[in-house]
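Peer 1: Given next are the chains, with one letter for each unit.
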Amino acid sequence: MNLSFIRFSSITKKIWMAFLGLFLMIFLVVHLGINLCLLRDDGGAWFTAAAHFMGTNYIIKVFEIVLFAGFILHVFLGIVLQVQNWLARPVRYMVTNKTTTPFLSKYMIYTGGIVLVFLVIHFINFYFIKMGLVSNPNMTPEGEPDFYTIAIQLFSMPAYSLLYIVLFIVLGFHLNQAFQAAWQTLGVNHLQYNAFIRRFGIFYAIVVPLGFIIIPIYFLLIR
Amino acid sequence: MKLTLKIWRQKDAKSTGKFVTYPLDNISPNCSFLEMLDILNEQLIRKNEEPVVFDHDCREGICGMCSLYINGRPHGPDDAVTVCQLHMRKFSDGDTIVVEPWRAKPFPVVRDLMVDRSAFDRIIQEGGYISVNTGGAAEANNILVGKENAELAMDAAACIGCGACVAACKNASAMLFVSAKISQFALLPQGQVEAKQRVKKMVRMMDELGFGNCTNTYACEAECPKLISRSNIARMNREFMCAKVI
Chain A
-10 MNLSFIRFSS ITKKIWMAFL GLFLMIFLVV HLGINLCLLR DDGGAWFTAA AHFMGTNYII
50 KVFEIVLFAG FILHVFLGIV LQVQNWLARP VRYMVTNKTT TPFLSKYMIY TGGIVLVFLV
110 IHFINFYFIK MGLVSNPNMT PEGEPDFYTI AIQLFSMPAY SLLYIVLFIV LGFHLNQAFQ
170 AAWQTLGVNH LQYNAFIRRF GIFYAIVVPL GFIIIPIYFL LIR
Chain B
84 MKLTLKIWRQ KDAKSTGKFV TYPLDNISPN CSFLEMLDIL NEQLIRKNEE PVVFDHDCRE
144 GICGMCSLYI NGRPHGPDDA VTVCQLHMRK FSDGDTIVVE PWRAKPFPVV RDLMVDRSAF
204 DRIIQEGGYI SVNTGGAAEA NNILVGKENA ELAMDAAACI GCGACVAACK NASAMLFVSA
264 KISQFALLPQ GQVEAKQRVK KMVRMMDELG FGNCTNTYAC EAECPKLISR SNIARMNREF
324 MCAKVI
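Here the protein sequences come in this chain order: A and B. Under the numbering used here, the first residue of the first sequence carries the number -10, and numbering increases by one thereafter. Under the numbering used here, the first residue of the second sequence carries the number 84, and numbering increases by one thereafter.
No wet-lab data here; the hints were simulated from the structure. Just so it is clear, the structure is predicted and the values come from calculations on it, not from any experiment. Treat the hints with caution; some may be incorrect.
[Said to hold, decoys possible] Restraint ranges, calculated between C-beta atoms of paired labels, are given here:
#: 1; chain 1: A; residue 1: R187; chain 2: B; residue 2: P272; range: 29 to 35 Å
#: 2; chain 1: B; residue 1: R287; chain 2: A; residue 2: P147; range: 52 to 58 Å
#: 3; chain 1: B; residue 1: Q280; chain 2: A; residue 2: S124; range: 55 to 61 Å
#: 4; chain 1: B; residue 1: N216; chain 2: A; residue 2: F(-3); range: 32 to 38 Å
#: 5; chain 1: B; residue 1: R287; chain 2: A; residue 2: K50; range: 35 to 41 Å
#: 6; chain 1: B; residue 1: Q280; chain 2: A; residue 2: F117; range: 47 to 53 Å
#: 7; chain 1: B; residue 1: N216; chain 2: A; residue 2: I103; range: 53 to 59 Å
Note that beta-carbon positions come from the ideal geometry of N, C-alpha and C, so glycine has one too.
Isolated chain A, as found in the complex (with noise of 0.2 Å):
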């Protein structure tokens, strides 16, 4: 394996992360759009259009490679530059650090982590099966995976909605921490937009990630 990769500077590093990461952020709400169809009342008509045009159309699979090379990307970058943090402080101290920092900013490789958990589940769940790498019994009459009863097979599951509603509150810090990060290490710091853009990333923490656990609760609770 070539590591010259690792060899790039830590600035460099971190800006590829921050272009990633709002890359996936842009990515989210789009995600977003297309679950919240889930919600129509029409036997699952505009999400499942909605995800035959996403795995049918040419531009959107030439989005689909760059977007989960943005993603393995982004995951590869947090990991080598977290290993390199451990590396620098060898001895640890003994009494923890007591500086005031920002809520969770301190816990991002964790938060990160447990995303990437359960992206696993969630790629196992849907994306794996429409790359036919797992089998599935749900198909429509085009022949085509029923996405939309496998969601709501899934959101009947008391067990996987709590899951799918906790790990959105996790992303939830994590993009609260990341959208400010993310300026900050592109060299966006400005007081007239300093105010903004924090306003702007806790907006995008709470909006975003409720909109996707609507869903489960929808399921659950209403329907």
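Chain A is already provided as a structure; the job is to place chain B on it using the hints.
Peer 2: Just chain B now, with coordinates in the frame of chain A:
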């Protein structure tokens, strides 16, 4: 004041250190922290014991030599001061005070609480200067500098290189120090000539020495005795991107 001190004692760089507890009585709340350590050392010398070795020099908060990690905070519980400017009135009678050296791979412990911070000197040697030919002094107003940039450059230049940013950062990152040294030149016309080489070389040296990566917790800014702003880190990132791309 009556205090219990738990101090890191380490014979030399290769030895394994340990915490040693020292009870201390009759300490004036008006003592500085370093004066309190002086009193302890006088008592140790009278008992024929080795005094505690710690870094210090000007004791006016401007040289950047003092470097103690006190009860979980670099430079102790007060904000925006170095240890020499920290007074014992910031502690309570009967307190137990744990004193540790800065902990970072590029800052090896030399002895007890003394750490080798020459890593910072090596970063500065890579470009923390401007090259000026010798000759007659130029007229100061030949090159005009905007008031705002002059102020920001002066703020960045206030960095005394004590290493509290590295000590406070959970990743032992030196980004605040390096960014302050880069910013003080990046903001001024005199710094533009070598700007691209400066940022590339100083960042490369910072990485080579084994400092960690910034993860934007801003502990460095919170503990900096000279209130160096994290906006300098953003400026350094911009400088670095421009130097690499353009």
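Peer 1: None of the hints should be skipped; say for each whether it holds.
Peer 2: Checked hints:
In this structure the hint that A:R187 and B:P272 lie 29 to 35 Å apart at CB holds, the actual value being about 33 Å. A C-beta distance of roughly 54 Å is found between B:R287 and A:P147, which places it inside the suggested range of 52 to 58 Å. For the pair B:Q280 and A:S124, the supplied restraint of 55 to 61 Å holds, since their beta-carbon distance comes to about 59 Å. Distance hint check: the CB atoms of B:N216 and A:F(-3) are about 36 Å apart, consistent with the given range 32 to 38 Å.
Checking the proposed 35 to 41 Å range against B:R287 and A:K50 shows it holds: the Cβ atoms sit about 40 Å from each other. The beta-carbon spacing between B:Q280 and A:F117, approximately 49 Å, falls within the hinted interval of 47 to 53 Å. Hint check: B:N216 to A:I103, Cβ distance near 58 Å, so the stated range 53 to 59 Å holds.
Taken one by one, the earlier hints all hold for this structure without exception.
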